[in-house]
Amino acid sequence: DGGITQSPKYLFRKEGQNVTLSCEQNLNHDAMYWYRQDPGQGLRLIYYSQIVNDFQKGDIAEGYSVSREKKESFPLTVTSAQKNPTAFYLCASSTGSGSLETQYFGPGTRLLVL
Amino acid sequence: AQSVTQLDSHVSVSEGTPVLLRCNYSSSYSPSLFWYVQHPNKGLQLLLKYTSAATLVKGINGFEAEFKKSETSFHLTKPSAHMSDAAEYFCVVSDEYGNKLVFGAGTILRVKS
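Residue numbers (the working numbering), protein chains in the order written: chain A, 3 to 116; chain B, -1 to 111.
Any given hint could be a false lead.
Said to hold, decoys possible - Below, a list of computed lysine to aspartate or glutamate pairs in the DMTMM-like style, where the Cα atoms sit at most 25 Å apart:
| no. | chain 1 | residue 1 | chain 2 | residue 2 |
| --- | --- | --- | --- | --- |
| 1 | B | Lys98 | A | Glu17 |
| 2 | B | Lys98 | A | Glu74 |
| 3 | A | Lys11 | B | Asp93 |
| 4 | B | Lys40 | A | Asp32 |
| 5 | B | Lys40 | A | Asp40 |
| 6 | B | Lys56 | B | Asp83 |
| 7 | B | Lys40 | A | Glu26 |
| 8 | A | Lys73 | B | Glu86 |
Unchecked claim - Restraint ranges, calculated between C-beta atoms of paired labels, are given here:
| no. | chain 1 | residue 1 | chain 2 | residue 2 | range |
| --- | --- | --- | --- | --- | --- |
| 9 | B | Ser24 | A | Asn20 | 15 to 25 Å |
| 10 | B | His37 | A | Ile53 | 23 to 33 Å |
| 11 | B | Pro77 | A | Ser82 | 45 to 55 Å |
| 12 | A | Lys59 | B | Thr3 | 41 to 51 Å |
| 13 | B | Leu5 | A | Pro41 | 13 to 23 Å |
Hints are computed from structural coordinates only; laboratory data are not their basis. Every residue, glycine too, gets a C-beta built ideally from N, C-alpha and C.
Chain A extracted, bound-state conformation:
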């Protein structure tokens, strides 16, 4: 089955700890995205990548980092600099980054702070 997988489903972070969320896709999509979802705020873009070895900051990139070493993988690291990391994180991909392209979403990872 083609699709996007995110792991883990739930993740707990201790104070001062960096954690990494996994996102993998086997759709052969060039573009990948990370969003943060908070109640009543819709989704906000953290980072996006249009091609391997390249990525751009979204609207709320502070406290996060990404890498895009392989086409199918786009991991997100939530660093200790992110002071309010509790949220639902969604990864998406599309064939390209144009406005006509449909973004396909993974099932999400819920991050909680201990």
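Using the hints provided, position chain B relative to the given structure of chain A.
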């Protein structure tokens, strides 16, 4: 800058009655517009998209939306609600460069039996 306003944070309908979820957008260019649906603790699924072709767009599961430029609206409708339609719905506009999506705050649809 582009923005999206979903006029109702919650909508409640009875099963078998029509659904109307309202969305207004602000854009200085001809936007692409989308509706996505999210069931609890799940990812988002595309319902339909408008890309400057027909103004009445038909989507999956019996949903449709009409693009009205004069009213800057893109309301989502369905003639008859089903219990499985209960979810959160997001109206989305593309940015002017086509690189990013801008999401509305979402409307939670409740369907009563």
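Hints versus structure:
With a C-alpha separation of about 32 Å, the suggested pair Lys98 of chain B and Glu17 of chain A falls outside the 25 Å cut-off, and the hint is violated. Proposed proximity of Lys98 of chain B and Glu74 of chain A is supported: the alpha carbons are some 20 Å apart, at most 25 Å. Restraint check for Lys11 of chain A and Asp93 of chain B: the C-alpha separation of about 30 Å exceeds 25 Å, so the hint is violated. In summary, the hint linking Lys40 of chain B to Asp32 of chain A is supported, as the alpha carbons are separated by about 23 Å, within the 25 Å threshold.
As the CA atoms of Lys40 of chain B and Asp40 of chain A are separated by approximately 14 Å, the hinted pair is consistent with the 25 Å bound. Restraint check for Lys56 of chain B and Asp83 of chain B: satisfied, since their Cα atoms lie roughly 16 Å apart, inside the 25 Å limit. Distance check on the hinted pair: Lys40 of chain B and Glu26 of chain A sit about 16 Å apart at the alpha-carbon level, within 25 Å; holds. Distance check on the hinted pair: Lys73 of chain A and Glu86 of chain B sit about 31 Å apart at the alpha-carbon level, beyond 25 Å; violated.
The given range of 15 to 25 Å is broken by Ser24 of chain B and Asn20 of chain A, whose C-beta atoms sit roughly 37 Å from each other. For His37 of chain B and Ile53 of chain A, the Cβ-Cβ distance of about 32 Å falls inside the hinted range of 23 to 33 Å, so the restraint holds. The hinted range of 45 to 55 Å is satisfied by Pro77 of chain B and Ser82 of chain A, whose Cβ atoms lie roughly 51 Å apart. Between Lys59 of chain A and Thr3 of chain B the Cβ separation comes to about 25 Å, which falls outside the hinted range of 41 to 51 Å.
Take Leu5 of chain B and Pro41 of chain A: their Cβ atoms lie about 18 Å apart, and the range 13 to 23 Å holds.
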